[in-house]
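K.L.:
Residue strings, one per chain:
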Amino acid sequence: ILNVEQSPQSLHVQEGDSTNFTCSFPSSNFYALHWYRWETAKSPEALFVMTLNGDEKKKGRISATLNTKEGYSYLYIKGSQPEDSATYLCATILGNQFYFGTGTSLTVIP
Amino acid sequence: ETGVTQTPRHLVMGMTNKKSLKCEQHLGHNAMYWYKQSAKKPLELMFVYSLEERVENNSVPSRFSPECPNSSHLFLHLHTLQPEDSALYLCASRPDSSYQETQYFGPGTRLLVL
Numbered sequence: 001i002l003n004v005e006q007s008p009q010s011l012h013v014q015e016g017d018s019t020n021f022t023c024s025f026p027s028s029n030f031y032a033l034h035w036y037r038w039e040t041a042k043s044p045e046a047l048f049v050m051t052l053n054g055d056e057k058k059k060g061r062i063s064a065t066l067n068t069k070e071g072y073s074y075l076y077i078k079g080s081q082p083e084d085s086a087t088y089l090c091a092t093i094l095g096n097q098f099y100f101g102t103g104t105s106l107t108v109i110p
Numbered sequence: 001e002t003g004v005t006q007t008p009r010h011l012v013m014g015m016t017n018k019k020s021l022k023c024e025q026h027l028g029h030n031a032m033y034w035y036k037q038s039a040k041k042p043l044e045l046m047f048v049y050s051l052e053e054r055v056e057n058n059s060v061p062s063r064f065s066p067e068c069p070n071s072s073h074l075f076l077h078l079h080t081l082q083p084e085d086s087a088l089y090l091c092a093s094r095p096d097s098s099y100q101e102t103q104y105f106g107p108g109t110r111l112l113v114l
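Order-wise, the sequence lines are chains A and B. Residues 1 to 110 (the numbering used here) make up the first sequence, in order. Residues 1 to 114 (the numbering used here) make up the second sequence, in order.
One chain only, chain B, in its complex shape (with noise of 0.2 Å):
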């Protein structure tokens, strides 16, 4: 385990639902990513928060919204989805943001869009 977690672990959702993802670590990190893996496709990083303030943001569609409420929880909150937004949505904090320190990641939410 590598101390963060993730709930749901699966999710099915209609494209006029709402829902959030969730993700947690106690580890005392700084910094949190929201990732989104689709086949055959690399991670593709979608929102960096550190210190609970957004850092980055990959022009992500605004039907993908981040909340960072404080430094252990990082939540995305999804509604009018659409079914190419399927995927494995992955979580990862690191201590800082030095360029060493390597991510520790959660085990993922798979997403269904219907």
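Excised from the complex, chain A in its bound form (with noise of 0.2 Å):
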């Protein structure tokens, strides 16, 4: 079993303001990080697939980075819209397993 931890578990942010939370997981035996984005009622939706480290994504305001000596993957969301109020999830996979952090709930106030 791979212990994935995300911090914080809530956050509420004014609607502008940009933020970040964190996925850590073990440094070895590692071969991908996955951050998923869920609205509630929703399905979970694919954000970002990360292998190397150092890699750095970017999905419109959303970006994450990935260290894969240290264990840490940083999501970051720039200017914070009401629409981006979800639940964020990372993983990371060993074999056909995913092993899944408890998530970063997110809520933007107008």
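Honestly, the hints are just simulated from the structure, not real lab data. Don't be surprised by glycine CBs; every beta carbon is placed ideally from N, CA and C. Incorrect hints may appear among the rest.
[To be verified] Computed spacing ranges between beta-carbons, pair by pair:
id, chain 1, residue 1, chain 2, residue 2, range
1, A, 5, B, 95, 34 to 44 Å
2, A, 42, B, 65, 25 to 35 Å
3, A, 53, B, 69, 23 to 33 Å
4, A, 78, B, 65, 41 to 51 Å
5, A, 109, B, 82, 12 to 22 Å
6, B, 77, A, 7, 29 to 39 Å
7, B, 82, A, 81, 36 to 46 Å
8, B, 17, A, 81, 20 to 30 Å
9, B, 51, A, 14, 44 to 54 Å
10, A, 18, B, 53, 23 to 33 Å
11, B, 83, A, 1, 37 to 47 Å
12, A, 18, B, 65, 45 to 55 Å
[Stated by the list, open to error] Sample of chain A residues facing chain B (criterion: CB under 10 Å; computed from the structure):
id, residue
13, 13
14, 36
15, 51
16, 98
17, 102
[Claimed, not checked] Here are the simulated lysine-lysine pairs, DSSO-like style, with alpha carbons at most 30 Å apart:
id, chain 1, residue 1, chain 2, residue 2
18, B, 18, A, 59
19, B, 40, B, 18
20, A, 42, B, 22
21, B, 41, A, 57
22, A, 57, B, 18
23, B, 18, A, 42
24, A, 42, A, 78
25, A, 78, A, 59
Both chains are sitting in their own frames, so use the hints and assemble them into the complex.
P.N.:
Okay, structure coming up:
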């Protein structure tokens, strides 16, 4: 079992603020780190798949970085909007199994 | 929409009932997953099928029985469940087992066991 931790558990920010949260994972036996966004009453949707140390990926106002040596990934949201309100999940993979964190619940207040 | 559908979306059942959850994908994916999401806990993997063969089974109680008749359909058969089995059950699929391939999730079935 791989222990994946996310912090903070929840976050409330004002519209327009930038924010970031963390995913920590075991640095040994690393293959890939997956980020998902999960809006209430919808399906989790893939944001990024990151594999290389130092990777940085961007999708609109959302970006992510990866440090495989120390076992963490950051997710950044620039200029948060109410539609960014969701739970953000990260997962690492070993074989066929994904190991998820408990997620960071983001609420953006208009 | 992710292309993965689940039915029913909500289910209430007694401990003596037998019911089945259905997952369907027409994305041409070869791997399918069942997850359990309980409050305040991470997504918990239950079963993985790759090319219709079960490849992972995380010591799930036998009251949960999966079935994968073809690469597009996945079932979770439920019988004599316990109240602690109440949770959100998510299905997911992937193109193949490469670690770089992401999962596509269904919307889930919210299960309440009375």
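K.L.:
Hint by hint, which ones does this structure get wrong, listed from lowest number up?
P.N.:
1, 3, 5, 8, 10, 11, 13, 18, 22
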